[in-house]
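Based on the sequences and whatever the hints tell you, model everything.
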Amino acid sequence: MLQLNYIRENKEEVINRLAIKNFKNADNIINTIIELDTNRKAAQKQADDTKAEANAMARQIGDLMKSGKKEEAEVLKAKTGELKNTEKVLDDKQKSIEAEIQLLLVTVPNLPHSSVPTGKGAEDNTVVLEFGDKPQLPANAKPHWELTSKYDIIDFEMGVKLTGAGFPVYKGKGARLQRALINFFLDRATARGYNEVQPPILVNEDSGYGTGQLPDKEGQMYHATVDNLYLIPTAEVPITNMYRDVILKESDFPIKNCGYTPCFRREAGSYGKDVRGLNRLHQFDKVEIVQIAHPAESYKILEDMKDYVADLLKELGLPFRILKLCGGDMSFGSALTYDLEVWSAAQQRWLEVSSVSNFETFQTNRLKCRYKDDKGKTQLAHSLNGSALALPRIVAALLENYQTEDAITIPKALVPYCGFERIS
RNA sequence: GGAGAAAUGGCAGAGUGGUCGAUUGCGGCAGUCUUGAAAACUGUUGUACCGUAAGGUACCUGGGGUUCGAAUCCCUAUUUCUCCGCCA
-16 MLQLNYIREN
-6 KEEVINRLAI
4 KNFKNADNII
14 NTIIELDTNR
24 KAAQKQADDT
34 KAEANAMARQ
44 IGDLMKSGKK
54 EEAEVLKAKT
64 GELKNTEKVL
74 DDKQKSIEAE
84 IQLLLVTVPN
94 LPHSSVPTGK
104 GAEDNTVVLE
114 FGDKPQLPAN
124 AKPHWELTSK
134 YDIIDFEMGV
144 KLTGAGFPVY
154 KGKGARLQRA
164 LINFFLDRAT
174 ARGYNEVQPP
184 ILVNEDSGYG
194 TGQLPDKEGQ
204 MYHATVDNLY
214 LIPTAEVPIT
224 NMYRDVILKE
234 SDFPIKNCGY
244 TPCFRREAGS
254 YGKDVRGLNR
264 LHQFDKVEIV
274 QIAHPAESYK
284 ILEDMKDYVA
294 DLLKELGLPF
304 RILKLCGGDM
314 SFGSALTYDL
324 EVWSAAQQRW
334 LEVSSVSNFE
344 TFQTNRLKCR
354 YKDDKGKTQL
364 AHSLNGSALA
374 LPRIVAALLE
384 NYQTEDAITI
394 PKALVPYCGF
404 ERIS
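Residue numbering for the first sequence follows my numbering, starting at -16 and increasing by one per position.
If you're looking for bench data, these hints aren't it; they were derived computationally from the structure. Because the structure is a prediction, the values reported are computed rather than measured. Relax, there's no trap hidden among the hints.
SDA-like, lysine to any residue: derived pairs with alpha carbons at most 20 Å apart:
hint, residue 1, residue 2
1, LYS(-6), GLU83
2, LYS67, ALA37
3, LYS307, ASP287
4, LYS283, PRO237
5, LYS117, GLY300
6, LYS307, ASP107
7, LYS71, ALA25
Taking CB as the label site, the calculated pair distances span:
hint, residue 1, residue 2, range
8, LYS144, TYR(-11), 50 to 58 Å
9, LYS103, VAL180, 33 to 41 Å
10, LEU185, ASP290, 31 to 39 Å
11, THR21, PRO198, 20 to 28 Å
12, GLU388, LYS297, 21 to 29 Å
13, THR392, GLN181, 30 to 38 Å
14, ALA158, GLU106, 31 to 39 Å
15, GLN181, ASN68, 52 to 60 Å
16, ASP257, SER97, 29 to 37 Å
17, TYR205, SER97, 36 to 44 Å
A virtual CB, placed ideally from N, CA and C, is assigned to each residue, including glycine.
Here it is as structure tokens:
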């Protein structure tokens, strides 16, 4: 959520930058918000003045009572009735304007960073790095969904029986590979100074709002309605919400957390070949890295996070590329996003395995995550997060890229974690 | 799940209808003293909104109510603690 004061003071700039995100009707919405805010201020002034008057009168009545002047007190009491009514009306007015502002404000996306390229969609993203050689596969190379059944390591049909499509059952060395990847990712992250946390995978409504999944992406989360809890779509939600309503000290920075959780996404509305095999699941495993940063440091940190994820892919020996997303392809809350995609050799396509973003104050404004600066003033912190990494597509690329005639070779870095060198 | 108790500022802990945004202690910050530090002493120390400012308003877990006036009384939700039950 953008800061109202910032919108007021930088109206033209806000409208121009929203254009880069292809946000429709920005001019109209921003002007309406500012106008409503002006009304709100006037309403608050009136309400506050009325309350001040009522408070003064109550004090007077108290004094009169104490000094035994009951009749005078009664006279004043009679006067307060009208004041109370006015108070109620003005309060309601203020509240309804505030609600109106809020309703509009949550529809406005974050402003893109000045380096974000313009563009409409995925085709306009900038490739900032392409790394590694695409492997030459044997003539009869198979896509991962055939390999998984050939070696009996992932059972999609069993998942359908137990739950439904998009909930695979990992078996034998397939299951072990999952565990190996999770441990590998967590070990690397902690070695880089991230503090490992194991958060709940169900969160309440407040947390959903805090990181912005609610209200707009309500339909994308599984909702346990009996207790009004949501299954997390990413560990970003609980880990970032740990800093909801928190005032930090400057010396607390940098705050680096990582965590493994299963992630749950309804993925309502996605069908077709993109969802085959491991390409798109309803439940999957992911290690997430999250930082709360000093605003002056956040872009340096973003680069560092991006480079860290790239290092993971290098260690796994997967060819990858890094994209800087254009305005039209960026997520709602992000100011700058790098996507990391691995080359899936049998599918002959890039698969997104990580998205690393700086949200600047967009999340922390809603979360009320602040710090005291050197002048003792409270300021909003910056929040950043990235996948490091999501498992399914990594597994897909590993299986496809490392396949031989009769086996799948495990990359060196993973062997100590797997306890085997090949799947055959 | 049943019965009872409780929730106050960074922490501890007073406050049971009026001048309480809240006594006090600890912690934090600034200063005095000191070569420096500690100790001691002095001062200061929540957040948000409105206002150029003076100042005003709101917040004592959340929501609602009683009252001229609520941290204080009532209702409700949540959480915590104790006892009982159940249980990985």
